[in-house]
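K.L.:
Sequence:
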Amino acid sequence: MKNLVVCALALALGALGPQRVQHGLFDAAWALGTLMLVAFLAQRAAASLRLPALTGWVAAGLLLGPALLKLVPPAPTLHLIHAFAAIWVGFCAGLDFSRPVVGWRPTAAIALSTLGVFLAVGAALALLVGIPWELALIIGALTSLWGPFTIPAVIADPQAVSWSLVGNGCGLMLLSALLLLLQGQGLLPATLLTFVGVLWASLLAGALVGGLLGWMRVCTTPRATLVGLGGTFLLCALVIDQFQLYALLFGFAAGWGMTRQPNQRQQVEPSVRAVQPLFAMLFFALAGAVLDPWTLWPPVTTLVQIALVQVLALILLRGWVLGRLAPAVSGAPRPRTWLLLPKAALLFELIYHPGGGLAELLPAEPARLLRQTALAELLVHAFVLAVLAFLLYRPWRRIPDSIVQE
1 MKNLVVCALA LALGALGPQR VQHGLFDAAW ALGTLMLVAF LAQRAAASLR
51 LPALTGWVAA GLLLGPALLK LVPPAPTLHL IHAFAAIWVG FCAGLDFSRP
101 VVGWRPTAAI ALSTLGVFLA VGAALALLVG IPWELALIIG ALTSLWGPFT
151 IPAVIADPQA VSWSLVGNGC GLMLLSALLL LLQGQGLLPA TLLTFVGVLW
201 ASLLAGALVG GLLGWMRVCT TPRATLVGLG GTFLLCALVI DQFQLYALLF
251 GFAAGWGMTR QPNQRQQVEP SVRAVQPLFA MLFFALAGAV LDPWTLWPPV
301 TTLVQIALVQ VLALILLRGW VLGRLAPAVS GAPRPRTWLL LPKAALLFEL
351 IYHPGGGLAE LLPAEPARLL RQTALAELLV HAFVLAVLAF LLYRPWRRIP
401 DSIVQE
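Using my numbering, read the sequence shown as starting at 1 and increasing by one per residue.
Source of the hints: derived by calculation from the structure; they are not laboratory data. Keep in mind it's a predicted model, so treat the numbers as computed, not measured. C-beta: ideal position from N, C-alpha, C; glycine also. Treat each hint with caution, since some may be false.
Claimed, not checked - Cβ pair distances, simulated, as ranges: (1) L128 / V275: 44 to 54 Å; (2) A274 / W215: 17 to 27 Å; (3) G130 / W215: 51 to 61 Å; (4) L25 / G184: 40 to 50 Å; (5) L296 / P363: 15 to 25 Å; (6) W215 / F243: 15 to 25 Å.
My request is simple: use the sequences and hints to build the entire structure.
P.N.:
Here it is, written out as structure tokens:
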């Protein structure tokens, strides 16, 4: 009841706040403060209902975004803050990557699972649903992506993050090769070459920045770590916003590049973990504030069939089949593979990138289908698969993660 009262007061303050057409810094600060307060209360409410924090954060963004209260404006300042938070989220995922955890047998199983989801979804959509085969393959490639940036918002599991990072690498290579092949056949516009180039340029730039930070030994003390990384990532967010790079991929590559230097992980990790929940909440709440479920109406005729094919393929090929293989390839408990199902962060960035996502590069009708499919998939992952993974992993037997230690 106390949380509901505070949430009502926060919404009242947000509604009474500045609502001018020109969105200045004060408007953005007011909206951001309201969003953070409501997101924190939504996290507490989700925890009391045995739901993951991710679900509460996205729900808070949907509540304050264009779908309902319209209290979070699409201000350029918020785009910059979102990129800053995305770099932190990606950086934390990069720190979680462990080469010993992902040996050659898990890598082979992950690659086969990625390829299986891609082929199963692409073939089912083209043959059974009847959408154009090139669009079916693109949707299949997007479905085959993994969720290393989403897993910590459900359950902190470094092994699952490492597996998902390898899967995302396979998925990105698959998506890039597919787009280049389709463009080479004249089925897609030449602008997709730029899209693919920016994806890999983001990874390269992040690896260079992370390697440079590790080489310079910036992170020697906890205070130096937070100040040094905070200032560097803020500057990088400005550059990313200027050149329209992908902040999540940049942040992951920076985290991976820094840990290539000896002893850097041990120095950086304690300070970074302390602020990780804050930036995860900021990223997913702002992402939810961008989504507009009303754009699903009127739905394309094949939307429900596409969503069912995607969910079934992930549950069968990634949750069940890979779960059967997990004990053989790594000794991981079978239920842990259900944490590999939810994904929302990278898919969101690929579709809703401020500079124009993948759908913007397609003709009108395929673009509308891809936008609705991606939005439906994001909602399913945040409110269905994340909850399913959370419940199957039985995390209430552990002490729940919280931004504020009570």
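K.L.:
Now look at each hint and say whether the structure bears it out.
P.N.:
Results of checking the hints against the structure:
1. L128 / V275: 44 to 54 Å: About 46 Å separates the Cβ atoms of L128 and V275, which means 44 to 54 Å holds.
2. A274 / W215: 17 to 27 Å: holds, 24 Å
3. G130 / W215: 51 to 61 Å: holds, 54 Å
4. L25 / G184: 40 to 50 Å: holds, 46 Å
5. L296 / P363: 15 to 25 Å: Given range 15 to 25 Å: holds, Cβ gap about 20 Å.
6. W215 / F243: 15 to 25 Å: About 23 Å separates the Cβ atoms of W215 and F243, which means 15 to 25 Å holds.
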